[in-house]
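Put chain B on the given structure of chain A with help from the hints.
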Amino acid sequence: EPEVTQTPSHQVTQMGQEVILRCVPISNHLYFYWYRQILGQKVEFLVSFYNNEISEKSEIFDDQFSVERPDGSNFTLKIRSTKLEDSAMYFCASSLGVLNEQFFGPGTRLTVL
Amino acid sequence: EDQVTQSPEALRLQEGESSSLNCSYTVSGLRGLFWYRQDPGKGPEFLFTLYSAGEEKEKERLKATLTKKESFLHITAPKPEDSATYLCAVQASGYALNFGKGTSLLVTP
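Chains as they are written, first to last, in my numbering: chain A, 1 to 113; chain B, 1001 to 1109.
Chain A with its partners taken away, still in its complex shape:
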C-alpha cells in the first residue's frame, strides 16, 4: 500500500542552524502539506502546496520557513535559523484532491538545542 515517507526520523540541531526535512508523498497525489505537533499539544497546520506553489499557510509559517518540491518525488521543509520553540514532530501529508483525506507520514522529530 502506498505511503508517505519522511527522513530523517530524528534530527538534532543547534539553535540558529538551518535544517531541511524531507518527504516523499504518495506518487499520484497532487496536494502536499506540512504539519507540526509540539509534545503534548495538538497537530497544527503549517502550509499546503499545490502546482508548485504555496496554496495556504498558517501564522506559524513565517519567513524562517520555506517549502520546495525540488524534483518529481520529494517535498522539503526548510527552517532557516532554528529556535528552541521549533522543537516538535513535523509531519508531511499528501492528498489526491483538496477535499480528499490527507495521508500522513511517520514524522521527523526535530530537537533544537
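Certain hints may be false.
A few chain B residues that face chain A, going by a derived Cβ cut-off under 8 Å, partial list only [to be verified]:
1. R1031
2. G1032
3. G1043
4. T1049
5. K1059
6. A1092
7. Y1095
8. G1100
9. K1101
I should point out that these hints are in silico values taken from the structure, not numbers from a laboratory.
Where is the CB? At the ideal position from N, CA and C, for every residue including glycine.
Same frame as chain A, but now just chain B:
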C-alpha cells in the same frame, strides 16, 4: 474562529466495553470532518471522512457519525489493540485540517 473540541480527554475501557468519543466543532462552512488514529511517536493514521450531516461510516469495531454540530466515534467491543489517541479534524474553506486535542483511549484486558 474555527474550533474543534474533543471529549473526553482520556478514556479507560475494559476489553469488550463499548463507548463513544465526541468531537464538537464550530466552523463556517464545513467541507469535511476526518477521524484519525495516532499511536505514540507516530503519524496520524486515516480512519474516516464524513462530508454531510447524517452520514455514517464503519470499519471493523469503529463507526463514525456526523451531525451539524458534532461527530461521534463509536467503539464496539474494543480490544487492547484499539488503544491509541483518536484525533478529529475539520476542513473548512481552505486546505488545512484543524485538529482537536484528541481522546486518549486505553483498553485493558
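Going through the hints against the structure:
1. R1031: The hint holds - R1031 of chain B has a Cβ within 8 Å of chain A, the shortest such distance being about 6 Å.
2. G1032: Check passed: Cβ of G1032 of chain B comes within 6 Å of chain A, closer than 8 Å.
3. G1043: G1043 of chain B check passes; min Cβ-Cβ to chain A is 4 Å, inside 8 Å.
4. T1049: holds (5 Å)
5. K1059: violated (13 Å)
6. A1092: It is violated, given that the least Cβ distance between A1092 of chain B and chain A is near 11 Å, above 8 Å.
7. Y1095: Hint on Y1095 of chain B: holds, closest Cβ of chain A at ~4 Å, below 8 Å.
8. G1100: holds (7 Å)
9. K1101: This interface hint holds because 5 Å falls under the 8 Å limit.
The structure is inconsistent with the numbered hints 5 and 6, although it conforms to all the rest.
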